[in-house]
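Could you slot chains B and C onto chain A? The hints should help.
Residue numbers (our numbering), protein chains in the order written: chain A, 1 to 259; chain B, 1001 to 1438; chain C, 2001 to 2570.
Calculated directly from the structure, the hints in this document are not laboratory data. Just so it is clear, the structure is predicted and the values come from calculations on it, not from any experiment. Don't take each hint at face value.
As the list claims (entries may be wrong) - Dumping the calculated DSS-like pairs for lysine-lysine here, alpha-carbon to alpha-carbon at most 27 Å: (1) Lys2540(C) x Lys245(A); (2) Lys1084(B) x Lys2(A); (3) Lys43(A) x Lys63(A); (4) Lys103(A) x Lys43(A); (5) Lys216(A) x Lys1029(B); (6) Lys1238(B) x Lys247(A); (7) Lys63(A) x Lys1086(B); (8) Lys1359(B) x Lys68(A).
Said to hold, decoys possible - Per the computed footprint, the stretches of chain B lying under chain A, defined by three or more beta-carbons under 8 Å from a beta-carbon of chain A, are: (9) 1193-1201; (10) 1263-1274; (11) 1327-1337.
Unchecked claim - Covered by chain C, according to a simulated footprint, are these stretches of chain B (three or more residues, beta-carbon under 8 Å): (12) 1091-1104; (13) 1138-1151.
Idealized CB from N, CA, C, for every residue including glycine.
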Amino acid sequence: MKNPPALYLEADNVTPDGFAGKTAAQITELHVHEGNTTSTLGKYFEVSGNAGATAADTKIIVKGDVKKVKYLGMKMSAGEMVIEGSADQYVGAWMTGGKLLAKGNVEAFAATAMRGGELIVEGNAGNYLGAAYRGDWRGMSSGKILIKGNAGSDIGMYMTGGEIVVNGNVDVHVMTHAEGGKTIVKGNTKSKLGGQLVDGTIIVFGNIETMMPGYKPNGEVELEVDGVKALFSHYIGDMGERHKKRKGAIVYGNLYKKI
Amino acid sequence: MTKTITDVICPFCGTLCDDIEVVVSDDGKQLHEVYNACVIGSEKFLHSQSKDRVTRPRLRQADGTWKEISYDEAADYTAQMLAKAKKPLMYGWSSTNCEAQSVGNEIAEISKACCDNTAAVCHGTTLIAVQDIGLPTCTLGEVKNRADRIIFWGCNPAHAHPRHMSRYSIFPRGFFTGKGQMSRKMIVVDPRVTDTAKMADVHLQIEQGKDYELLNALRVAFKGEWLPDVVAGIPKEKIREAADMMKSGRFGIIFFGMGVTQSLSKNHNIDIAIAVTKDLNEYTKFSIMPMRGHYNVTGSGEVFAWQFGFPYSVDLTRGFARYNPGDTSSIDLLNRGEVDAMFTIGSDPGAHFPISAVKQIANVPSVCIDPHLTPTSGVSKLHVPVAFNGVETGGNCYRMDNVPIDCRKVVEPPAGMLTDEQFLIMVRDRLRKLKGAA
Amino acid sequence: MSEYIIKNGSVFDPVQGIKGDKKDIAIKDGKIADKVSSAAKVIDAKGMTVMAGAVEIHAHIAGPKVNLGRIYRPEDKLFSCTPTRGMERMGGGASIPTTFKTGYEYAKMGYTTAMEAAMPPMFAKHVHEEIRDTPIIDEGAFPVFGNNWFVLEYLKNHEIENTAAYIAWLLRVTKGYAVKVVNPGGTEAWAWGLNCLSVNDPVPYFDITPAEIVKGLIEANEYLGLPHSVHIHPNNLGNPGCYETTLDTLKLAEGMKAKNKFGRESVLHLTHTQFHSYGGTNWADFESKAKEVTDYVNKNKNITIDTGNVTLDETTTMTADGPFEHHLTGLNNLKWANVDVELETAAGVVPYIYSPNISVCAIQWAIGLEIPLMIKDPMRCYITTDHPNAGPFTRYPRVIKWLMSKKARDTQINAFKHKDKVLSQTSIGSIDKELSLYELAQMTRAGPAKCLGLANMCGGLKPGMDADVAVYNFNPDKPVANPEDIETAFSRCAHVFKSGVEVVKHGEIVGTGNKRTLWVNVKVNDNPQVMRDINEKFIKYYSMTQANYEALGHHFVPNPYALEVDATHV
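Bound-form chain A, shown alone (with noise of 0.2 Å):
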């Protein structure tokens, strides 16, 4: 980053798919927008080195302060990213596939619509993480994502796949509406975990403030999760939501939490 923006930056052509078979010269002169007014990557940023010829050959290191860049990593499909600080929203919105690290902190909306591939934040994650976009009951359907910070709220929203871990706490509202899928918090929880739940899994090793009432108490079991082996006390639910039926059986979403 060269040149600080007085706005912020909307990158979006800043991922392996964007740059893939171009020339430091041709990413150079790839779009990137400020507000209403459209200048090319070089204004703001040093480009070395040239893309490989496809995504997955592709492997980008953003370096310096893009504290106020959005959408790196959008819509990435192969290939490899790493963001050296902490960047803005959108980080990896709607990734299908590749590897994308951010070292720092990532703002709201990350892994919008996650459909592959693998999110890693070494820092913490705002809300909304693995969400999927408003109005849309398709939300994030597989890959991998890991926080090992915190993360906000509204994680996993309409989730029907794909796996979320938070090592740190998270806020309000996991998994509500999902389908499917698996969230992980290893830290500590507030309140609306499972909301509207369909199906789906939350298992949680810290504390949770509240629990919903649509959550039943289903007696205790243990778990191998991420190599640790415990007992967690397990709830079936949202009882107050629609589930489906798998061979005459309805399938309720479970809750673990960590006893």
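Frame of chain A; chains B and C shown alone:
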């Protein structure tokens, strides 16, 4: 001599009463009396007669004083501000008519701005919920004629929509509700003992921040499943009673307001309340309706939607419309320093936004279109007073149940004052020249 | 105004019986002319097809439920919006386009007139605001009458004259075009969570049957002599076996004769017939009854229909058949919106995905094509998708491709996951017929215009008619190399004229013209009884005043065009 104008529409709140009568002087220049309106509505009409109104645009000078300028100069300033800005925000639109909103949209499209209305601090979360789960609703006349179960959740119509209960929801004798309030059961859910709660058959004095849990419990109760002893401070027996009362009605309606739209969980509260409504339609007939605040915030949402595709928080900076509250919503844009010019009309963000956002308005070039002196006009660089919409000029508005009603002009504005629409047209035409647009 | 002469094109005009002759079409002063001066601008249409502008008889493009659909489906616009460009405003919405996009997309396909299929009268101002903001195309809107309290009360006592007086009043205050009926009686029942699934199910409290409602409205419509017939969406839409209810409904028109001064010969228009042609008893034995329905329509010449073709897209259903939408959300669990409208009607909205991998959807697709291919008189069958219910109107070129090319149909059939079921439950596999361009012109221009009572104005290229002309890059003299070429040609016109103004050139918008709102102004004898009933219902039951309901200022309808009807002599 005087004349009485009937069928006048009150331009204050989303109840949009249209049975107001206004007595004006024969020459139409003075407004004398208002009949049928509540105290807030009466004041809306009567205060237009204040002798100390600001009647011309004023531009903030370097020494902090105001200097009166012409509407032409004000339109120049506004157009230039919008033309130069990389990401202007055009906010408000809720206390003006659809015709003005439409010209505003043209301006936003030409200048590639973000545009937003007061739903951003009000029922925007309702719109998010509707987008996620839908909306079983009806017009207010259906409530008047059929409803026998009325639930006010997180709202206080006795204060905020004073004639709502007498015109639509509790007292009227409708076609199938000839016994008026005796045909109806009223449930109020509110942490406070409000004047509305005092009227209720059942007041669930819910623990703050636990609306989502209580609504979940109702859904569980409908299905006859296990419940913990207490949810949100309400014992499970009371929850099951409330669930039964809802199911046993012939036609129920849930009205809701800021108590749930802007408290913990926001859109999720509304989402699950809509789920409750949908569940109840398996047993009886139930609808749900937001108590919209400003008298034409609904209209702004409608006009944004049919012209751009989204009801609020619309980002046009790329030349096409994008939407995602949290990114494109006004308070977030201001707090994060994303905006370099502010245009406010038909609203008062200076009073309603968090102070961190208001400070941003003070830091950027800003224009405020408003007949009043407000906290917003106070921090803006240019203040353009206009005629009172719905009093001194007419125009279409949409009620809280989306019914369109064409407001009337009942009295002349002070001499030489323009309407919103007239001023916006001046801005638009100048902007077109500056941008070389078609 | 400019003069134009479109030379060397192959003209298809059922109004004049022209079946592909090379003729010049002259345009002067907004109308088709016999001849023009040498100053006329020449449009070379060599190797192209020339028709009148197309007429959309039934689409949901303007009004509260359309906008509710837009508001509640931001995902319908994700990544698919179009930017501001030249004289085009920005647009968006795959299944529910914004109003600007609606006008541009229709015009680019050669459509110059469109009818909003259902206007809830209380929301007339909203419908007209959206019509006003839809560029280029002339539009009208049909107010709904089949669940209206005045109609239910008058027709219970068979008071035709009073019903007619009420219809005249409502058409005037809403600037409406025709008598639309949706799920007669059933939508009033829905206000209590109930429905009427057959023509004989009585409406709760009002105690009148759908059959009585429909018959009474047809009588009132002919009493008045309106330009269009009663336009009906029958009870029991979308359920296996519903074709019986459809036939019961059509039979109500037997013996009725059209009475009007607009050239209309039909008394009943059955809309989106595909949704009403189902046999079987459940989704497993679900089958087509297109033959039974088209046989009846073929024999009964006072009926017109439109198809309601399924396009195999993700789309949004929206209809005044409130109970149906509640039923649909129970089937697919997708977000459900519903609005009950006091004294008048209701509406429901639910997204729907017509997947080619689901046998029911594939059968629906086949039924939609069987119908126009089995119909004997193309002047009585019109092509629609009931936009957006069976698919977006932007798919008309694809529907045309399927109708004009058996090869294209076979390609689609072979792509179905349950091809065998489609072939066993319908007869699409054995239909060889391919629609001709002349038949296409009958089904998309001349036919709908005549049925709407607009035969003198549009739908044809006879001198004196409005100069609504569409020129397609489609050469009727060359064999079709690839059926995809049909879809491409009908997607973007080479030229489109609306009322003599060039609006589309080489597929781009070059003008917006001066669109009109078509409505019907009926004069009836004074009827104090009906006026008193109206006054009373406003005082007691409506939630707005009569004066405010009746107000429809110029800013809502800036360019009205009234079809005048004098029913005072009756």
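Against the structure, the hints come out as follows:
1. Lys2540(C) x Lys245(A): Status violated; Cα separation ~49 Å.
2. Lys1084(B) x Lys2(A): holds, 24 Å
3. Lys43(A) x Lys63(A): Judged against 27 Å, a Cα distance of about 15 Å means the pair holds.
4. Lys103(A) x Lys43(A): holds, 24 Å
5. Lys216(A) x Lys1029(B): violated, 68 Å
6. Lys1238(B) x Lys247(A): Violated: lysine 1238(B) and lysine 247(A) sit about 37 Å apart, past 27 Å.
7. Lys63(A) x Lys1086(B): holds, 25 Å
8. Lys1359(B) x Lys68(A): holds, 20 Å
9. 1193-1201: violated (count 0)
10. 1263-1274: holds (count 5)
11. 1327-1337: Coverage by chain A holds for the stretch 1327-1337 of chain B (3 residues, Cβ < 8 Å).
12. 1091-1104: Check passed, 3 qualifying residues.
13. 1138-1151: It holds, with 8 qualifying residues against the three required.
Comparing the model with each numbered hint stated earlier shows that hints 1, 5, 6, 9 do not hold.
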